[in-house]
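Peer 1: Can you make the complete structure from the sequences, with help from the hints?
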Amino acid sequence: MYPGRFEYQAPTTLEEALATLDRYGDEGKVLAGGQSLLPLMKLRFASPRALVDINRVAGLDRLAEEDGELRIGALVRHRDCERSELLGGRWGVLADAAPQISDPIVRNLGTVAGSLAHADPQGDWGSALLAADARVVAASAGGRREIPLDELLLGPFTTALEPNEIITEVRVPDPGARAAGTYLKLERRVGDFATVAVAVHVSFADGTVSRAGIALTAVGPRNLRATDAEAALAGAPLDDEAIREAARLAAGAAEPRDDVRGSADYKRNVVRVFVERGLRMAARPEERGDVPRAAAAPPGRPEPSEEFAGEETAEDVMKEIREKEDQ
Amino acid sequence: MPAWVGRRMPRREDAELLTGRGRFIGDLGRSGMVHAVFLRSPYPHARIVSIDASRALAMPGVRAVLTGADLPEDLGAQPNTHLFGERETPYFALARERARYAGEPVAVIVADSQYLAEDARDEVIVDWEPLPSVGDADRALADDAPLVYGDRDWPDNVAATFEQEMGDVDSAFDEADVVVTERYRIQRQFGCSLETRGVLAEWDENVDELTLWTSSQIVHIARDLLAAVLGLPEHRIRVLVPRIGGGFGAKFHFYPEETAVALAARATGRPVRWVEDRMESFLATVHAREQRVEISMAAREDGTITAVKGDLVGDMGAALHTVGYGPLWLTAVMITNVYEIPNARVRARAVVTNKTPLGSFRGWGQPQANFVVERTVDRLARELGMDRADLRRRNFIPPERLPRKSLHHTLDSGDYPRCLDRALELLDERGWRERQHELRDEGRHVGIGISFYTENSALGPSRMLNQGGVQQGGYDIARVRVEPGGEVTLYTGLCEMGQGVTNALSQVCADNLGVHPEKIKVVTGDTSQVPYTGYGTGASRGAAVGGAAVMRASRKVREKVMRIAGHMLEANPDDLEAEDGMIFVRGTPTAAVTMGDVGRAAYLRAIELPEGEDPGLEAIEAFDPPQFAWPYGANIAVVEVDVDTGEVSFLDYIYVHDCGTIVNPMIVEGQIMGAVAQGIGAALFESLPYDEEGQPLFGTFMEYVLPTAAELPRLVMEHQHTPSPNIPGGMKGVGEAGTIGSPAAVVAAIEDALAPYGVRINETPVTPSAILAMVGEREVTPA
Numbered sequence: 001m002y003p004g005r006f007e008y009q010a011p012t013t014l015e016e017a018l019a020t021l022d023r024y025g026d027e028g029k030v031l032a033g034g035q036s037l038l039p040l041m042k043l044r045f046a047s048p049r050a051l052v053d054i055n056r057v058a059g060l061d062r063l064a065e066e067d068g069e070l071r072i073g074a075l076v077r078h079r080d081c082e083r084s085e086l087l088g089g090r091w092g093v094l095a096d097a098a099p100q101i102s103d104p105i106v107r108n109l110g111t112v113a114g115s116l117a118h119a120d121p122q123g124d125w126g127s128a129l130l131a132a133d134a135r136v137v138a139a140s141a142g143g144r145r146e147i148p149l150d151e152l153l154l155g156p157f158t159t160a161l162e163p164n165e166i167i168t169e170v171r172v173p174d175p176g177a178r179a180a181g182t183y184l185k186l187e188r189r190v191g192d193f194a195t196v197a198v199a200v201h202v203s204f205a206d207g208t209v210s211r212a213g214i215a216l217t218a219v220g221p222r223n224l225r226a227t228d229a230e231a232a233l234a235g236a237p238l239d240d241e242a243i244r245e246a247a248r249l250a251a252g253a254a255e256p257r258d259d260v261r262g263s264a265d266y267k268r269n270v271v272r273v274f275v276e277r278g279l280r281m282a283a284r285p286e287e288r289g290d291v292p293r294a295a296a297a298p299p300g301r302p303e304p305s306e307e308f309a310g311e312e313t314a315e316d317v318m319k320e321i322r323e324k325e326d327q
Numbered sequence: 001m002p003a004w005v006g007r008r009m010p011r012r013e014d015a016e017l018l019t020g021r022g023r024f025i026g027d028l029g030r031s032g033m034v035h036a037v038f039l040r041s042p043y044p045h046a047r048i049v050s051i052d053a054s055r056a057l058a059m060p061g062v063r064a065v066l067t068g069a070d071l072p073e074d075l076g077a078q079p080n081t082h083l084f085g086e087r088e089t090p091y092f093a094l095a096r097e098r099a100r101y102a103g104e105p106v107a108v109i110v111a112d113s114q115y116l117a118e119d120a121r122d123e124v125i126v127d128w129e130p131l132p133s134v135g136d137a138d139r140a141l142a143d144d145a146p147l148v149y150g151d152r153d154w155p156d157n158v159a160a161t162f163e164q165e166m167g168d169v170d171s172a173f174d175e176a177d178v179v180v181t182e183r184y185r186i187q188r189q190f191g192c193s194l195e196t197r198g199v200l201a202e203w204d205e206n207v208d209e210l211t212l213w214t215s216s217q218i219v220h221i222a223r224d225l226l227a228a229v230l231g232l233p234e235h236r237i238r239v240l241v242p243r244i245g246g247g248f249g250a251k252f253h254f255y256p257e258e259t260a261v262a263l264a265a266r267a268t269g270r271p272v273r274w275v276e277d278r279m280e281s282f283l284a285t286v287h288a289r290e291q292r293v294e295i296s297m298a299a300r301e302d303g304t305i306t307a308v309k310g311d312l313v314g315d316m317g318a319a320l321h322t323v324g325y326g327p328l329w330l331t332a333v334m335i336t337n338v339y340e341i342p343n344a345r346v347r348a349r350a351v352v353t354n355k356t357p358l359g360s361f362r363g364w365g366q367p368q369a370n371f372v373v374e375r376t377v378d379r380l381a382r383e384l385g386m387d388r389a390d391l392r393r394r395n396f397i398p399p400e401r402l403p404r405k406s407l408h409h410t411l412d413s414g415d416y417p418r419c420l421d422r423a424l425e426l427l428d429e430r431g432w433r434e435r436q437h438e439l440r441d442e443g444r445h446v447g448i449g450i451s452f453y454t455e456n457s458a459l460g461p462s463r464m465l466n467q468g469g470v471q472q473g474g475y476d477i478a479r480v481r482v483e484p485g486g487e488v489t490l491y492t493g494l495c496e497m498g499q500g501v502t503n504a505l506s507q508v509c510a511d512n513l514g515v516h517p518e519k520i521k522v523v524t525g526d527t528s529q530v531p532y533t534g535y536g537t538g539a540s541r542g543a544a545v546g547g548a549a550v551m552r553a554s555r556k557v558r559e560k561v562m563r564i565a566g567h568m569l570e571a572n573p574d575d576l577e578a579e580d581g582m583i584f585v586r587g588t589p590t591a592a593v594t595m596g597d598v599g600r601a602a603y604l605r606a607i608e609l610p611e612g613e614d615p616g617l618e619a620i621e622a623f624d625p626p627q628f629a630w631p632y633g634a635n636i637a638v639v640e641v642d643v644d645t646g647e648v649s650f651l652d653y654i655y656v657h658d659c660g661t662i663v664n665p666m667i668v669e670g671q672i673m674g675a676v677a678q679g680i681g682a683a684l685f686e687s688l689p690y691d692e693e694g695q696p697l698f699g700t701f702m703e704y705v706l707p708t709a710a711e712l713p714r715l716v717m718e719h720q721h722t723p724s725p726n727i728p729g730g731m732k733g734v735g736e737a738g739t740i741g742s743p744a745a746v747v748a749a750i751e752d753a754l755a756p757y758g759v760r761i762n763e764t765p766v767t768p769s770a771i772l773a774m775v776g777e778r779e780v781t782p783a
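In order, the protein sequence lines correspond to chains A and B.
What the first sequence shows, in our numbering, is residues 1 to 327, in sequence order.
What the second sequence shows, in our numbering, is residues 1 to 783, in sequence order.
In short, the hints are calculated from the structure, not lab data.
Any given hint could turn out to be false.
What the hints assert, rightly or not - Far from chain B, by Cβ distances over 10 Å, these chain A residues were calculated: (1) Ala50; (2) Leu63; (3) Gly68; (4) Asn108; (5) Arg145; (6) Thr158; (7) Glu241; (8) Glu255.
Unchecked claim - Just a few of them, taken from the derived set where beta-carbon distance is under 7 Å, the chain B residues facing chain A: (9) Gln114; (10) Tyr115; (11) Asp277; (12) Glu703; (13) Thr708; (14) Ala710; (15) Glu711; (16) Leu772; (17) Glu777; (18) Val780.
Even for Gly, the Cβ is constructed at its ideal location relative to N, Cα and C.
Peer 2: What follows is the structure, encoded as structure tokens:
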């Protein structure tokens, strides 16, 4: 599991990075967090001639709200999103997605923009940001353009980006004053890719839904938008009947396949269950708990409260070890 | 007076390991060392028409490419040391002419760096002729199945059939009030370690001697088998085992790569290192567990189980590896568990398929036996309308009737009802049976599962092993030396692989010699230094068999210490005591000498020795257990199932057990927690599926789901203590125990949680998708 030979470039300005990438064409790959690219290279599934490492490029790590829009720079890590106070509330769907991505080690390095450029149908940001109606800014030596996320994601590991383009920023529009959402993810164990995940992002006006975003992870060739469900919700109150109907429509939009994580029927059903749970949470945001993971678990699960029968705690043990070390 | 045995002590190696300073195979380097990678068969079954390595060999930095054709003519096949009467399934360091499973090593490529070696591997061209293959034991048993050993004129794919019977099974079934029959499928799993395997070999051409570092649990067995395969005398090979990052039985095996890397070192004249990469570990390291079992139980209306019969099919993969079909055999002979069932019959067929060979994994065949027996006892309880615990109590071998012979073994000692009762008491103290009703009324799906296990440990009586066909002993030998300064060096053939055995042994030595454990250094993993161990580090034998040997050697040294100290103090040795390195006249602690005084006398100042006393202060003693030991315990799992998504979460987990004398409770508890995690892995997560032709449907941790701390329950654990009547010190062993009863308890709990749906779960792992397929889709439970 060692990669083949490759060249390594580490530009310090965006202009330099774009020029370098332009030079390599489709033989070059952008290295940001590297959490997907490097494993692929180690497995020798990917063998780019050159890596263009953008980690030294200044100004790409900005996470900020501007004109009501959320802006996520190319070097903003999952961990930054997990910790940012900008997410949450109106962008609850993003705040809930961030801590559910892989494990802390991946989140410390992996980037939001890199995840979108990688376009893994099992990626979490794809759905969370689709639901939030995001778009990306793509820059190349020839200029820059904005691409709605729905048009960026073409299929498994395939995007509308040109080989010489870098996503410099992700832009998430203002969902209005009253918005709520969540990201529900079913994983076989913590840190796993999604078996199924669902992003729900709803804006309200005058007691009815003004815009609904629903997107699905791991049940199609790319992150999918449940457009029929979104349309059915728009303009109506978010009541039980509307929720159930939307969940049914969303399940119909899924294109799951049988695999080691479960059967297609199973996954379709989980889409239905999660859309329903997610919309209920969006309808009553004040009742939601702080920990997004609890959303996927049955409500009110009793906590095992007893301490382990042993006498030592981990701190005791480490203290003892340290004392030994000091001797 | 025991002072150290029974005490909670952190492991001495923890600081080293936790701060990343442990040295494993991957951390070792030798001057001039080069790197090996293996080219493996991509086909489940294929003939090797030709291999062209010329392009690889022409690459700069590439030292050698060895293939099956390059192996010495007289190289031995990889040995099987557990001969229970089976057809031979020879396989070599590298496949010769044909590969019988995907992942079988075909060539070893040696280069100056790992990068170059992997680059060169891509340039080795193999011309394959794929052959018909079979990826499933049931299919392998069909009349028209492709033959795995057709080239050796096997008429079918059955490597061995084992049968054993006691009592009159047929009459018992004829006379039974109730008969239940169930079929179970237990999946492939394996001993997946944090550290994969690895080998470093260095051949000294001048004296024709080989030094081999290997991540192995069997330091002497590895040396002897390597000697046999290479045709070298044993003393020309030195095997060393550095730190091991987990073994779990998978490293109890002697692998083709160990031979191949040794040959590569000879071919290149360089030290050669190979470290198994994570992906190849899923195919190259032995798998375990896979069985289909049909079991029938006969009982009287009052719940007395009168007979059991089992028909087992073990999917052995493409060859019988180092331990033959041992695990399957153990499943078969443990079909009566802890119950007084007078009539029993088993048949076990070891079937070959085009899959990675099956081998050892913590628990050997016992988790399978426990699963099928305990689940069937539950079924019988349901059939009889009896409480599950009552039915078990009624059939336990009562304490007064132990020791008692079951189908094959003699269960030694203990009190099974007391153990189960305590576990149930804890369940009630924690309110679960009451709470289950309340939660069910709220529409939640909460279940309780019970299982009871015994474990075959302290392996084992050497003569019994030999009689059964094992080409190894079951004894252990320890050497204890007091150095001139009074410190102690303890040499053991057991390997430290994270289980803490060196700590346990030093606690035993400390008590029996009269020194502080921190004054004891334990030397492991070097055949040039440590005494021979009969069976290697496994089978829950370290503390019991190794501990008893250490006890004997320590006492022998202590006798000499007392004689010398008595001479120095002008006291009768019988009046002396030793504690914490001081030897003093009982009742008069001021009249004392230190262990250092005695050590100096023994080595440097013969003038202080009693007349006729030999210099030196060490002893080497063996212990061969007269019988196995049989620890036992109860698992109770409490789970909740989300019937909308099929997810299972643990609400509680109770574990009450008896493993005899406990040397270090922290180690025992850690062992149980880790083993229960692997049992839960079996119940819910881990699986190595193949397609019908034997193509693996796994390859990374994406497919092989290991549970993490987040998925696991916090154990509520209690120890009971019935010292082994057969082991000095009374230790019974515990390393594997947690894997045995946990799958049955967890699956029983899920079934109980899903009682409203009347489901039966006879197949593991129980995934969320499988659960939903059983309960069907339903209206979503409103939050």
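Peer 1: Hints first: check each against the structure and report whether it holds.
Peer 2: A quick look at each hint next to the structure:
1. Ala50: 17 Å, holds
2. Leu63: 27 Å, holds
3. Gly68: It holds; Gly68 (chain A) is separated from chain B by about 31 Å at its closest Cβ, greater than 10 Å.
4. Asn108: 18 Å, holds
5. Arg145: 35 Å, holds
6. Thr158: 20 Å, holds
7. Glu241: Holds, because the least Cβ-Cβ distance between Glu241 (chain A) and chain B comes to about 13 Å, which exceeds 10 Å.
8. Glu255: Glu255 (chain A) clear of chain B: closest Cβ-Cβ about 17 Å, beyond 10 Å.
9. Gln114: Status holds, d = 5 Å.
10. Tyr115: 5 Å, holds
11. Asp277: 4 Å, holds
12. Glu703: 5 Å, holds
13. Thr708: At about 5 Å, which falls below the 7 Å cut-off, the nearest Cβ of chain A leaves the hint on Thr708 (chain B) intact, so it holds.
14. Ala710: 4 Å, holds
15. Glu711: Given a least distance of 5 Å, the restraint on Glu711 (chain B) holds.
16. Leu772: Interface hint status for Leu772 (chain B): holds (5 Å vs cutoff 7 Å).
17. Glu777: 5 Å, holds
18. Val780: 5 Å, holds
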